[in-house]
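*Asks:* Here is what each chain is made of, one letter per residue.
Protein chains: 2
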Amino acid sequence: MNGANIKYDEHGLVPAIIQDETSGTVLMLAYMNAEALTKTQETGVTWFYSRSRRSLWQKGETSGHVQTVKEMYYDCDADTILVKVNQTGAACHEGTFSCFSRRLDADAEQAEKLVDPDKVYKEP
Amino acid sequence: MNGANIKYDEHGLVPAIIQDETSGTVLMLAYMNAEALTKTQETGVTWFYSRSRRSLWQKGETSGHVQTVKEMYYDCDADTILVKVNQTGAACHEGTFSCFSRRLDADAEQAEKLVDPDKVYKEP
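For the protein sequence lines, the chains are U and R, in the order given. The first sequence begins at 115 in my numbering and counts up by one. The second sequence begins at 115 in my numbering and counts up by one.
The hints are simulated quantities; they were obtained by calculation from the structure and are not laboratory data. Heads up, a few of these hints could be off.
Since the list can't tell identical chains apart, any single copy or any two copies may satisfy a pair.
[To be verified] Capping the alpha-carbon separation at 30 angstroms, the derived lysine-lysine pairs in BS3-like fashion look like this: (1) Lys184 with Lys233; (2) Lys198 with Lys121; (3) Lys121 with Lys227; (4) Lys121 with Lys233; (5) Lys198 with Lys227; (6) Lys153 with Lys121; (7) Lys198 with Lys184; (8) Lys153 with Lys233.
So that you can see chain U by itself, here it is in the shape it has in the complex (with noise of 0.2 angstroms):
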């Protein structure tokens, strides 16, 4: 199935769950429009839909920390996408290796930085 199914928000959007997998770490989520999962399927890396800068862009394309597509699911809805990745560095800006480093449940903690934002992400 090659993604004609998907059900497109009235933005013409999908959330896509990208999940690291081999530790299971779910790793950030990005919206991805009908080009985005084209050329994510193509490439074999994950390319997602800006809503704030209105254009398409690669993961890792300023950092060098791509994520190789492993396996991509759908769900019961078909209205989002999961994508099973192998995760190159880091996958948040913020340098952890997952933005989902902020409890909601408890004073916040901060995850460890495997890398030094500033010196990975260059000013656009």
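Based on the hints, put chain R in the right spot on chain U.
*Replies:* Chain R alone, transformed into the frame defined by chain U:
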């Protein structure tokens, strides 16, 4: 942090990724409004907002397949929540443990059904 910093979308909703804590399996994605988040935090089981029914619902209220909250996180943009749970039974109304049982990168594979959905989910 009690959820006051969460950034809700134009519909007052935030996507919540639900992950089984023990296995690491991503079970489903659903949406919370502020009330659903508060009820989840207060009751220790997951509550969501149904966009189609326009009402709050407790996961497992009908099926008994409740999700007991273990840990909650939010991401670097504060616009997505990750809830790690202990899943009772099956998360999916189709009877599979996870709602992500369909491959997007290959011919459709059906995940094993843990329960018969016709027996567990009654008509509303």
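*Asks:* If you test the structure against every hint from before, which numbers come out violated?
*Replies:* Per hint list: zero violations.
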